[in-house]
Structures are given as C-alpha cells and as structure tokens.
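Using the sequences and the accompanying hints, generate a full structural model.
The listed protein sequences derive, respectively, from chains Z, X, B and L.
Take 163 as the starting number for the first sequence in the working numbering and just add one per residue.
Take 163 as the starting number for the second sequence in the working numbering and just add one per residue.
Take 163 as the starting number for the third sequence in the working numbering and just add one per residue.
Take 163 as the starting number for the fourth sequence in the working numbering and just add one per residue.
Don't read these hints as lab results, they were simulated from the structure.
The list treats identical chains as one, so a pair stands whether inside a single copy or across any two.
The calculated lysine to aspartate or glutamate pairs, modelled on EDC-like cross-linking and capped at a C-alpha distance of 20 Å, are:
#, residue 1, residue 2
1, LYS275, ASP405
2, LYS166, ASP201
3, LYS166, ASP361
4, LYS296, GLU244
5, LYS164, GLU234
6, LYS166, GLU234
7, LYS164, GLU244
8, LYS238, GLU210
9, LYS275, GLU323
10, LYS164, GLU210
Protein chains: 4
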Amino acid sequence: MKLKATCTLSVTAASDCPLVAMLRPRSGQSQWIISDRYDLEPWVPVTEFVDSYGNLCQRLIVPQGRMRIAVEVTMKVPAQIEVATYAPRTLVTDMPADVLHYLLQSRYCPSDKMQSQAWDIVGNALPGYPQVAKICSWIHDNLHYRYGVSSSTTDALDTLEHGAGVCRDFAHVGITLCRSMQIPARMVVGYLHGLQPMDLHAWFEAFVGGRWYTFDATQAEPRGGRIVLAYGHDAADVAFISDYGMQPLRIDDMFVDVVAV
Amino acid sequence: MKLKATCTLSVTAASDCPLVAMLRPRSGQSQWIISDRYDLEPWVPVTEFVDSYGNLCQRLIVPQGRMRIAVEVTMKVPAQIEVATYAPRTLVTDMPADVLHYLLQSRYCPSDKMQSQAWDIVGNALPGYPQVAKICSWIHDNLHYRYGVSSSTTDALDTLEHGAGVCRDFAHVGITLCRSMQIPARMVVGYLHGLQPMDLHAWFEAFVGGRWYTFDATQAEPRGGRIVLAYGHDAADVAFISDYGMQPLRIDDMFVDVVAV
Amino acid sequence: MKLKATCTLSVTAASDCPLVAMLRPRSGQSQWIISDRYDLEPWVPVTEFVDSYGNLCQRLIVPQGRMRIAVEVTMKVPAQIEVATYAPRTLVTDMPADVLHYLLQSRYCPSDKMQSQAWDIVGNALPGYPQVAKICSWIHDNLHYRYGVSSSTTDALDTLEHGAGVCRDFAHVGITLCRSMQIPARMVVGYLHGLQPMDLHAWFEAFVGGRWYTFDATQAEPRGGRIVLAYGHDAADVAFISDYGMQPLRIDDMFVDVVAV
Amino acid sequence: MKLKATCTLSVTAASDCPLVAMLRPRSGQSQWIISDRYDLEPWVPVTEFVDSYGNLCQRLIVPQGRMRIAVEVTMKVPAQIEVATYAPRTLVTDMPADVLHYLLQSRYCPSDKMQSQAWDIVGNALPGYPQVAKICSWIHDNLHYRYGVSSSTTDALDTLEHGAGVCRDFAHVGITLCRSMQIPARMVVGYLHGLQPMDLHAWFEAFVGGRWYTFDATQAEPRGGRIVLAYGHDAADVAFISDYGMQPLRIDDMFVDVVAV
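Right, here's the structure in full:
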C-alpha cells in the first residue's frame, strides 16, 4: 500500500541549540520512498549522517527563537506484516554477526535483570516466533496503555511494576523479555497507519527463523501499514530529536498524519 | 540556491533485466535534500543499499517490456563552488585513511601510465590547488568537447590521444593527471544548473588543503549549482544505471531538467 | 614502552556453548601489535568479526567439557598517557558524527538520571578536561575500591549508593557523570601494567579538546602502560566473554600477566 | 593445517617515504591467526586502518636510510580448498549487495573490452563453477608462466596478447573473463604453501553457488594451504606495499617462507 506520512514540529530555542533529528526514513527491504520532503523554517544549514544502526540522522543548530521542521514522505509499504507462526528459534551459532549485539542488555531493556519472568510468560510456547507472539499477547493483555505513567527515564522493569505505559514502554518490555530468552530484539520507531490517536509510534522486531519479524504489543492483531524511521537497541538510540543546548529545546507543537494514498 | 532536478528515463527490456541505478542523491556536507521523488511505472519491488563509496544504489528487475523511471529532487546547494587559490598540497602522511584509495590507478584513470605528462602540464604552478587548477585549464584549452569520439571503453590515455571527448572523458583526464602527481582525485556525477545541452554531468574532485574541492574541466570558470548523485574512482563505479540482463537494456529516451526554484 | 600481556582462561561447558570473546587487541592510533598469539585447546573452528564499535570479536562453540583459551600479545604503547590540563570542552556542534552516540545514556550509565550531581561535583572546574579530571579525582576520593559490593547488574547509580565498587563500576560512574554534562564518554577494557592485583582492567575515555583522552578513576595519577582490548558504551558492550549456552559457562581459572619487555 | 609464513623486507628510502603496507592477515571464515608478529627496524610510529575491502593496512613513514620490515604469522587454514564441481551460476538478482561491485571492470581487468572471448573459452561448460573451472584450466594450458614479460602496468588484455605472465597476470585474466560473463570475481594476494619458487602469491575468487570459491590458474589442480593477506578488485587495490615518497622506495631484499608446523 502507499502511505503518505507528515510530521510537523514547532520548537522554541532559548538560545542556539544543536539538534540531531531522525526524521528521514530510508528505503530498505520492505519500504520504498516514492517521495520525501524535509523542510526547515527558517532555513539553516543542515547535514546528514548515518549512525551505527544505519539510520539517517540530521544535524543542525536551531537558532534562538522558533523553528518549524516539516517532513513528509510517501512510501510503498506492505499492507500486511509478515507473520511466521512456526518460525523456529535461531541458534546463537547461526546468527549473523551484526545481530548478536541485539542480545545485549541496554538502558531501557535491562534483560540481565529479567531472566525468570520471561520463561513464566512464554510457558510452553514453541521456541521462536510462537514465544515472541506469546510475549506480545501477554503484554497486550496485562499492561494498560495509559499516558502519564512513564517518563523518559522509565525502563522495562519500571513498566512491569507500573503495569502500564505507552507504546515505547510496551516495546521495551517486549524487547527485554525476548533478550532474556536469547532472542535478539530491537526497537523500531516510525509511523503506523490508523493509529489512534495519531502520533509517532514505537514497536519492536525480534530475530527468529533467520530474519527480523515485526511485533507490536500495543495491537491486538499483527498489522501492516508501517513506515520505519529508525532502529536501535532501545529508546536511547532512536529519539526523533535529541537537543544539546544550554537549555532544553521546547516543543510547542507536533502534528503527525498518516493517510493511504 | 535551490535547484529542482528531474530525470526521466524510458527503457525497454527484451526479458527480465536486473538493474542497479544510482539516481538518488544524499544530503551531505554541501547539499541538502528538501524534497525527493523516485517513481517507477509499472511498479516493481525495489530495494536500496549503500555502496562502499557511500552512494545510494537502487536494485530492481525491469520486467520484460517498457519501464519509466522518474526521479525529481529539490535541493539546497551552494550557488558558488568553493575556490581556494592557494590551498597547498596535502602530504600523503596527513591524508585521512579513506582518502588514500583515491591515489590509486583505476579502470579509466591509469595514472600508473601517465607520470611525466602531469608534470609537463602543471609546470611551475604552486603545489596543491594551483596545480589542479592548471590541469583543469589545460584540459579546457587543449581538448575539444565533442560527442562521438569516445565510447564506454575510452580511458584517459585514449582521450589524450583523441584530443577530444565529453564531460566524463575530461573528468577522467583530470583525475588521472592529479593522481599521477599524488593528489587524490575522484569522479563525481550529478546535475549542473545551466548546462548546455542539459544532461547528466560528470566532473571531479581533488583533495588539497586538507579537503575535497570541486573541479570541472568542461567549464571555463569555477561554477556552482551542482547536485551530486554519486562518487567513485571513475566512471566504472558511478554508472547511473548498470543492467545485468541476458540482453542489454535499451534506453529509449532520457530527459534531464535542472531549474532554479 | 613494550608490554607483553598474557591472559589464560580455563572454562567448563556443561554442554556445547556458543561464545563471543573480545580478547584480541587491534593496532590503532596509540598502540601497535608487535606480536600476538591466540590459542585454543582443544582446537575448534573460530571466526572473527568487527563489531559496530570497531572491536575484534571471536566466535566459537566451546564443546562440552573443558577448554583453555590462551592469548598473548606484545605491544608498543605509550609509557605516559596524554594529559591536556586545559583542553576545552568540545561543543556538540563540533563533534564528529561518530562521537555523538557517546552522549547517550546506556545500560550501566543512566546519565538521564544523574543531571544535577555532576554539576555539584565539578564545581567551578573549567569546562572540558579540567571537569573530567575533577570527576576522576572525586571518584577516587569518595568511592572505595572494594570487591563483592557490585555484581553484573550494578549500574552507576547503584555504585554511588553503595559508595564502593571495582574498576568497572568506577568507570561507569565517570562515564555517567561526563555524559550528564554533555561530554561524550566511553568504556575501555584492557590491560594496565603494574595493576595490583593483576587482572583485566576497565577505565574510560572522554572527548574533550577535539579528541579522546584516557581517564582512570582507580588511579591517583594519570598513568600509561595500557593495552586497549575493546571500546563500548559501557560494560554491556565489552564483556571479554559472552556465553550463550543452555547453562552458563563456568570460568574455572583466569590468569592475567603484564610485563614490560 | 597449520602454516607458518614469514616475510622479511629490506628497503631503502632516499628521503622520508610514506608507506602503506598490507602485510597483516585477518582471521576470517576460513583462516585463523594463532600467532602473528610484525616488527620494524628501526622502530617508527605505525598505525593501522581497515580499507573499504576489509583489509588491514599499515601506515608509516620509512625514514631516510634502510628499514627492515619483518612479519610472521602462524595460521590454521584448510589443507584443501573447497571445490563445488556443480555449483550453479548465482543470478545477479540473488547476489548480496556487496558482491555486485565485483562485476565491474577495473584497472587491470577491463572486462568491458573482453566480452566475446570468455564465451569462446567456456564453450558448453555448465553455468557457474564449471565455467570458472574451465577458464582456469584454459589459462593454465594456454598462457606461459614466465617472468619479465609483464610489468606493473600490464592488464589482462596485454597478458592475453603476450601469451605469458606471472601469478598476478593469470589472476587478472581469470577475473576479467569471469566478470565479462557476469560472474563476480576478485583478486586475492597471500601465501601458498609449497609454491616454487617461494614468493608472495596472487590468485582469484569467483562468486558462484551463492558464495566465493578459490581459483588459481597457476596450478594444475585445486590446492589448499593458503593464507589470504588482502582482497581487492585487482592488483591496484592489493599492493603489499605502496610508497608515496619523492623518490620510489627501493626494495633491497625480500624473503618469503611458508612451512607447515
């Protein structure tokens, strides 16, 4: 399907503020950029680099005052995500070298502290995709989707304790449970068609059956219509903007829209 | 300045034909993609990868019959290219590791065969930028810009012998002369605003004064308004399309347009 | 100076156990491998890859039973580490793209939770190297070097609470404090000549004055004689061995020796 | 099998001479460094970087006068190279992105000029491995192994004309013929156990049946006991030393030895 996604951001900087944004998707295996727009107002010099996860990152300095960042992308994406009900566990021995890193604990996914819980949750699900699917449905059934419970410092353990969180927290819990069972898992941020209320979204991918599969514990059923903006270990790596000024950048307004075209 | 560049390509494949294209620019130090469009008709699955030079490459299979590839990009680029009349030679010792490779001979730039000629041409120009500028003006003054003299197998030595060629040939001669004097040089393909007749264009960059500078021997004066599509050692690395079918892909039509917006 | 470092490891696997080791240093800016040995007994197939931090990683399967891994390296390293008493803070704007990532919070260095503390510690130290030096001496003066207080799940906040830890914990605290002040910092593991008792060691580097400098809060004074084995965000990235078997690998014995030669 | 290879090089520089060497192998899929030594006399600072092919490159400045470079490596390598008599052609569509580049013409392998010849040579050999094997035996049977015919500027076409050359020339011809049939091929330099007379050696690899296979047209039969030092498009990329001084570096003496241990 073809999706057109728009994200418009109004920010205010008390003084010149260096910014790194991750707002430009890349064409890859399962998504193709038909058209793409990235505009700044006022115009300032901006450069782009690729980080160690392969994400495009834009660097600029927000000058004192207000700035508007407007991105728009039209992409060809799968209407359905791939589901592989019986995809088996991939042995560590068979994992590509660049996948191994996604077995490690990270800031918001302290899998080193969550060994036993994962096994309780998956129960006797078959090794591999079925285990991850079980983790997903467990999160969906046992955590409440609620704003205001979590903050930027909330990790997966905190979320399990709170029993609630938002998409980012659900993804962290899913990733942590996977890793604690030696299933590589990574964070994804992007757009999801039909999300209510519309916003930037976060979900995760797990490596089973020899490849990455998409999982989203905020949804009752697997669902396509996704545009990936960035991959990382967890939310620390994939902030859509990171500001490095003397004072924090203020986000005045943010508007996200995703429509089928 | 803001440029809008369009390239539309109609091709015919006698049978399914794998294709690698390099038609999507990247944002970088001196160019920023404000908007970008890349469309295929009929639609076929396409993926994108980054080659070892950092170029975006699109892979697809042109199905039997006709296909139209249409790309359009609006970019912020410098109206003037930087000129550094006295930038000194960079010692090999001081070159970044990823620049060293551009000292080596390559398919169309056999600098191992052109040692003495370079020194005759640069004469007593000061080491560094002045030498490359001298090479550029020598090419501009001594080679005729003429279609039909060169083919896809023509290298820099052939062009010197013919005394004529097109932009790609001029760039090859410039690169080869630079390298034979231990100045790293690389091929650039892209768009040039105001080019007559309008087409995809090729020029080169040389590494002096600690960075890459743009040179274009087809022009009497340094001139900005450029959009870079790809970098490489020479034309072998930066073909805007490479086809790998049983029969060669036929290009029926190609339309390039670059306007200031 | 020339150092010869030896690390011999005896492990027991209850069943075949996939292993990733980081026990082979690389030659780089400030260390040169004169000779290097890496032996396994019994011999099993082993491959090597480079992770996203540039570290060499060895992959193998420890067969059921005992295995001995013996590495030995003779390196040319600086006898003194470089100290730049007045190196200024590097503005985020001026940091190379691959340094930015070391500003982010990570598993053991939750800098997002430690903003105010850093400023209390550095007080009126000048921005840059002096701040990091102050952090280092504060850690050295205020934390006790003691075994048994920390475990593999201990992060920098835990260590501050305990008031004690080992080299890895000291490094985590240093890194976290630096990052919370927008100074990029990274974990280093390796060998230190003269360490008492001898063992693998951990310290950190901070990016000030436009480059990385070495800091070691376990030492009263800056001290050279170091061989770097691996860099990472924190201990999660640089475990000298990571095992992925059904049962954890047992380390029966580990012997480290570093002598000047 | 275990091989111990030694290469000792004595050079003389008329004045300080920047040097890039490729004399340190890497552990990889099929070779493992058990021990490694790399010594310089006199000692000068030296750094190491990884080029775009993944090769280790050593940079140093040879001071005016004589220098001795001594490398020694003990490696575990396959006693037999893998032969896959019926491995089929890999379709371009199925090639990994990083393999595509080895389809392109290069300095010494102008495959764009040698289309028809390849088909004459392979005749009715089955597509894939059998074609490359046919190319290999054709070279072995039709070209004379003879010193003094070729120089550093000799490409594959020159060698076919001369009807003779050395290992590097044989490899260039093999690579060029493969590429002209859309089989990716790359240059390999390294050590071969039992080579007569002993020297550094060059051969090639072709990508068929979904992976790289080793071919050596200087040998009547496939033969193992190889240590790979470097990969590249052709000899331009894999010179064991490249010197960039005012005057060329003089090689006074070079000694290579490879023994089974």
